[in-house]
Amino acid sequence: MKRLGRAEFDRLLNALTEVGYELIGPVMRDGAILYDSIAGVRDLPVGWTDAQEAGQYRIQRRDDQALFGYVVGPHSWKRFLFPPNQTVFSARRTDDGFVLETPPVDGVRRALIGVRACELEAIRIQDRVFLEGPYLDTAYQQRRAMLFVVAVNCGQAGGTCFCASMKTGPKAHGGYDLALTEVLDADEHYFTVDAGSPAGKEVLDRLDLPEASGAECDAAAAAVARAESQMGRSLDTDGLKPLLDRVLDGRHWEAVGQRCLSCANCTLVCPTCFCSTVEDITELDGGARRERRWDSCFDGEFSYVAGGSIRQSTASRYRQWLTHKLSSWHDQFGSSGCVGCGRCITWCPVGIDITQEAAALRVADAAEHDG
Amino acid sequence: MHTPTVEAAAALEPLLPQRYRVTRRCQELADTFSLELAPVDSPLACCGPGQFNMLYVYGVGEVPISLSGHSQDGVGLIHTVRVVGPVTQAMSGLEAGDMVGVRGPFGAPWPLAEAEGRDLVFAAGGLGLAPLRLAIEHVLDNRGRFGSVCVAFGARSPELILFRNILERWRARFDVSVDVTVDCAGADWAGKVGVVTRLLERDDYEPVETCALICGPEVMMRYSAKTLLDRGVPAAQIFLSMERSMKCAVGYCGHCQFGPGFVCKDGPVYSHADIGRLLELSEF
Ligand SMILES: Cc1cc2nc3c(=O)[nH]c(=O)nc-3n(C[C@H](O)[C@H](O)[C@H](O)COP(=O)(O)OP(=O)(O)OC[C@H]3O[C@@H](n4cnc5c(N)ncnc54)[C@H](O)[C@@H]3O)c2cc1C
Ligand code: SF4
Ligand code: SF4
Ligand code: FES
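Residue numbers (our numbering), protein chains in the order written: chain A, 11 to 381; chain B, 8 to 291.
Pulled out of the complex, with its shape left as it was, chain A reads as follows (with noise of 0.2 Å):
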């Protein structure tokens, strides 16, 4: 374990830097806290916070100059691996037919700076859905190949996070290139940091840093586990995949569906969601497009086929989110599809709960199935 000042964090970015990476952190703006480009610790949200509750989300001063001060926010990583938008492939005439053209990859190396244990897991989760089925996205396997991580283990839960009842936080376990901890003492700011990886290894031998001494180590674990105490939603994960089987005709989803606004912002804030559509597009020139975008099962048209969509009703929308995520998603991809992030309850413009609707499915359940 190796200790980083707080007055050096810029040396590490600028190794990253020269070693070709473009550095992709979190930034300010529009009253949020979102990830893009980033040149060095002045970008960062230096000393501020975000309150999180239930269809609620706001900026605040801490009262220090932390450099990770906060959790997550709209954006997820997935928009760098899984761009919102992308051309499958642009198509010309000719004088037969026509010929169609992949467009080239970006080729950006990127650096993720600030990468929380939640976040590790849900890349780790859309790696199993575009890499591990019988076609690979080869896209999304070029820009994650090139990708370095340096994840940040939380010191702080945010108002909505449930990632220790799905243990997947708040500290990091593989998966990243450079691991930190935060630590703010009363007269001492710094990071300890730990390499996940070879590349890792070799950006923190550039740095040459002195090893963290045991009180700092355990400063940091101190820190962690004040996040792990703080946390305060949980969601138990026990039976839940047979549960919502035998509840997947149950009464519960009308009452779900009438608050729900179908507006699909859940989704789109989810760091696992993976679902896309594509739209073709005709130039004014005779060309043609294939745009691939994401989409939400929320969406009235996901589910249609010719004569209607299959899922009409809201409810029936929600139980396709909640049991993809809690149960499905175990008979696809071998784990849950949720991290605990809390994004979807913060983002829900009504403050529906993933946890309190996944306790409130068991309360129905028992009352229909225990007699």
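Derived from the structure by calculation, the hints contain no laboratory data. Everything numeric in this text was worked out from a predicted model, so none of it was measured. Check each hint, because a few of them may be wrong.
Calculated pairs, EDC-like style, for lysine to aspartate or glutamate (alpha carbon to alpha carbon, straight line, at most 16 Å) [said to hold, decoys possible]: (1) Lys272/B / Glu142/A; (2) Lys12/A / Asp341/A; (3) Lys199/B / Asp186/B; (4) Lys12/A / Glu301/A; (5) Lys272/B / Asp341/A.
Since the structure of chain A is already known, use the hints to place chain B with the ligands on it.
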């Protein structure tokens, strides 16, 4: 700053269609036509009965269509399509010489090897006969490997009877029984009137020894399966072909999700034992 780039490698290949040319177009019914397609570049892997391809019409869109036959030389594909919306409408305007894009083959085929030695019941509703055609022909070409064979086909009205010539050809054989019914007809229709499930209430198959392949609208499949189950055909021997929205066919657009799986890769052919319960759920 130096930003390394990788070679402009072909991105998203699984989503890139291969070019095929229409070699023949045949109007089957007022709103249904067949296209015979030959590869322009290298041909795709062999597509089997029950599998489907994604057919792309330049600038309009791409839709899943089951294989309904092979051309004489065995390389070309035959797809039978009903006009229901923008893409199928545009496809209907294609003629011999026009180009389309094809991706595939996708999905699980009909379990013809497993069905060997059993009595076979084919139940088709409307256009559902197209994805079953190759399976029926396979069974008739290898007739000795199967027990009794019956084909039950239902159309909404006599004008909507698909593949009349082919049905006649099958009917002319002594070793298969072909039964056709229509939902409603005028006085000039001498055949049966009623739903296709009625045709399954017959004694020339031994239920426990029967394998049933069903394709048609979801309600038709549900009721046909119910009739067969009631007569004692085991759920694991009843197969149906599901239709769901499909945007990728390669398992990652999410549109075709059906409970635990994806219709594009786990289906479209499923055994009733696997999905019977899901079929009972509304809006699933
Ligand atoms: C495995 C499989 C095999 C199939 N095999 C065959 C076959 O052999 N032959 C055959 O004819 N068909 C087959 N189909 C059905 C065929 O794919 C559809 O009929 C076809 O996709 C229709 O496309 P379309 O553009 O013509 O019409 P639409 O489905 O009407 O339109 C295509 C898209 O436009 C949008 N859209 C259009 N209208 C609306 C609306 N009113 N509301 C909302 N959205 C709308 C939707 O996004 C829709 O997905 C099969 C389907 C599957 C899944
Ligand atoms: S089906 Fe819904 S919940 Fe599942 S990945 Fe797609 S958008 Fe997300
Ligand atoms: S379902 Fe909600 S809490 Fe779970 S990963 Fe998605 S956005 Fe986060
Ligand atoms: S059609 Fe895209 S996942 Fe099945």
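Tell me, which hint numbers fail for this structure? 2 and 4
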